[in-house]
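Novice: Let's have the full structure, built from the sequences with the hints guiding it.
What follows is the residue order along each chain.
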Amino acid sequence: MDKTILVVEDQDDLRLLVRLSLKSLGRIVLASSAAEGLELVRAEKPDLVTLDVWLGKGDSGLDVCRAIKSDPETQHVKVLLLSACGQQSDVEAGLAAGADHYVVKPFSPQSLGEAAAALLAA
Amino acid sequence: MIDCFHMLASPLPPEEAHRLQVLPDLDILDTAPEERFDRITRMVARLFGVPVAMVSVIDAGRQWFKSRVGLPSVQAGGTNAFCAHTILQDGLVVVEDAHCDARFADDPLVTAHGARFYAGCALAAPDGSRIGTVCILDEVPRTLDEDQRALLRDLAGMVADEIAAGELRRAHERRSENDAWLYGLLEHIPDGVLMLDRAGTVICGNPAAEHMFGSDTGGLAGRMACALLGADAALLLDPEHSPDAPPQEGGGRRLDGSAFPIEVKVAPMCLAGQQRYAVIVRDVTRQHELVQRNRATEERRRKHFTTATHELRTPMASILGFSELLLNRDFDLATSRELLDIVHRQAGRLVDLINQLLDLSRIEAGGTDGLAVATVDVAELIDQTLTGLNGLGQNHRIRVELEDGLPAIAADAFKMQQALTNLVSNAIKYSDDGTQIDISTAALRRNAKLMVAIRVADRGIGMTPEQQAHIYDAFYRAGESQNVQGSGLGMTIFKEIIELHGGHADIESRPGAGTAVTLWLPALPDHG
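Going line by line, the protein sequences match chains A and B.
Following my numbering, the numbering of the first sequence begins with 1 at its first residue and continues without gaps.
Following my numbering, the numbering of the second sequence begins with 123 at its first residue and continues without gaps.
These aren't lab readings, by the way, just hints derived from the structure by calculation.
Honestly, I wouldn't trust all of these hints.
Claimed, not checked - Far from chain B, some chain A residues (derived; all Cβ distances over 12 Å):
(1) Leu38
(2) Arg42
(3) Gly98
(4) Ala122
Unchecked claim - Distance condition first, Cα-Cα at most 30 Å in a straight line; then the derived BS3-like pairs of lysine-lysine:
(5) A:Lys69 x A:Lys3
(6) B:Lys551 x A:Lys57
(7) A:Lys57 x B:Lys425
(8) A:Lys57 x B:Lys617
(9) B:Lys425 x A:Lys69
(10) A:Lys78 x A:Lys57
Claimed, not checked - Residues of chain A placed beyond 10 Å of chain B at every Cβ, according to the derived structure:
(11) Asp59
(12) Lys69
(13) Glu92
Backbone N, C-alpha and C fix where the C-beta goes; we use that ideal spot for every residue, glycine too.
Specialist: Written out as structure tokens, the structure is:
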């Protein structure tokens, strides 16, 4: 069965980069804000969400992650956080918010693809 | 009359060394004659009907006369044998006829000056040391009955009392002087000092303490120190507390109830048999503020660093990611070009960011010392700013309206142009092509100072009050930031530059209506 991957990223270029990196793994759905992302998680029930941490306008991907993981309808959805904040404390905060994986920008598209594939296979 | 006498070797009292040590402290040797002694000496001479009477002090190698009747010299070398014997004992020495006494027959007083009769009594210092004599001499043999002997002893006692009184007065003077110093010290030191009784009640406080706690003079007496110092009584009132212990931090409470941070040192003491505590209180509000300010600066720096790192990683993610895709996958020509274009654009953005960050840190580090200030013509500044935009804004209608006779400003022309460029390019970036941007100038008085105002107004997307509040934050970008080129440092740099020039900016903005920023800079006084 084809997997669905939701990419939540507020920057156009990076949204495109993530889409190209993951497109061989399944159907890609795109969102550019926290609100749109949450709406699409509920509507699409994706297998995996890649979530930018700083979503602009003060929105945080961590909040979106917590919302996904606290909703019984969506808590099974795998969440991969993507962030330019790469300190140990940032990674710990991401995992504490319920993320299944944390990738620091800049990232290798191939590595991102492998990480996403592993999450989808789990 | 007896003129002067020089002495043979005389016996020395056993406590001679101590006696000689006490003498200078009495402040009597070599002092001017004093009526309080002279009147006793005159009385002695008259009462006993003798030609010579004296109050003598026996110093090392000499006899000095504090008061004398019938003696022309104020001192004699050595000590005569009569006085030398007198000072050896507490009682009276009476020599009725020196010619009949082998101890004195050879004394120059007798052989050269014709002395026959001597009666003397040792003079005692307040500590009991015998320091001299009160004595009488006559050229004829005499006797003294018991009443006369008692009278001479009493008169010697009166002289001793006068010496003791002088000593007391000097001690009192010394003490008053000490008290004045101490009082002045307590009066003027900036630290508060409180004296507490054993129960922790304030007995008194110095003016600094009263001022610190907002009290009138004397208003702290009777108050409980624990309430003022916000300290635990057990901690404060420990008789074993070491004054060497580091100061305790506490929360001071003024009489009006307001709180302030203090540092307290306690020194337990025993005064006149009573347990007392001296408390030194220091208001550390300023130190706390400094620490907090430093902490805030540190926090701001840390946040700035984190944000800068984040902002640098974002274009790098595009550059690294897309270049890897281009290397590993086969895209059609159009897609390849599109991805390369992104790499190129993001690399440019990265360079911009680095340059702006360096600019900002240079401006911050350089302060006003880093400014190359010269007289700058505002019209020229605006003209050069617009020329320097290099085609940015060519699709906008930029209208410049300059007031006549505008005063010049003192500014670093290069940096001021950078500030103005950031302002104008923001107006361009946040408004649609084809819309108008107005740049106008004015000279106005603000707070009695002549200021030059440069106003840049766009008809762009505008800002909410919330967005306006963040306009100077580093990396903050209003609105749909991703569609707007820029580092997010433009307004931060703008603010740094104008503040270094003693200027400031006003912002008027409404979402959908546009933004107007008015930059105020101090005018040079003599404009032509």
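Novice: May I ask which of the numbered hints given earlier this structure violates, with the numbers listed in increasing order?
Specialist: Nothing - there is no hint that the structure violates, so all of them hold.
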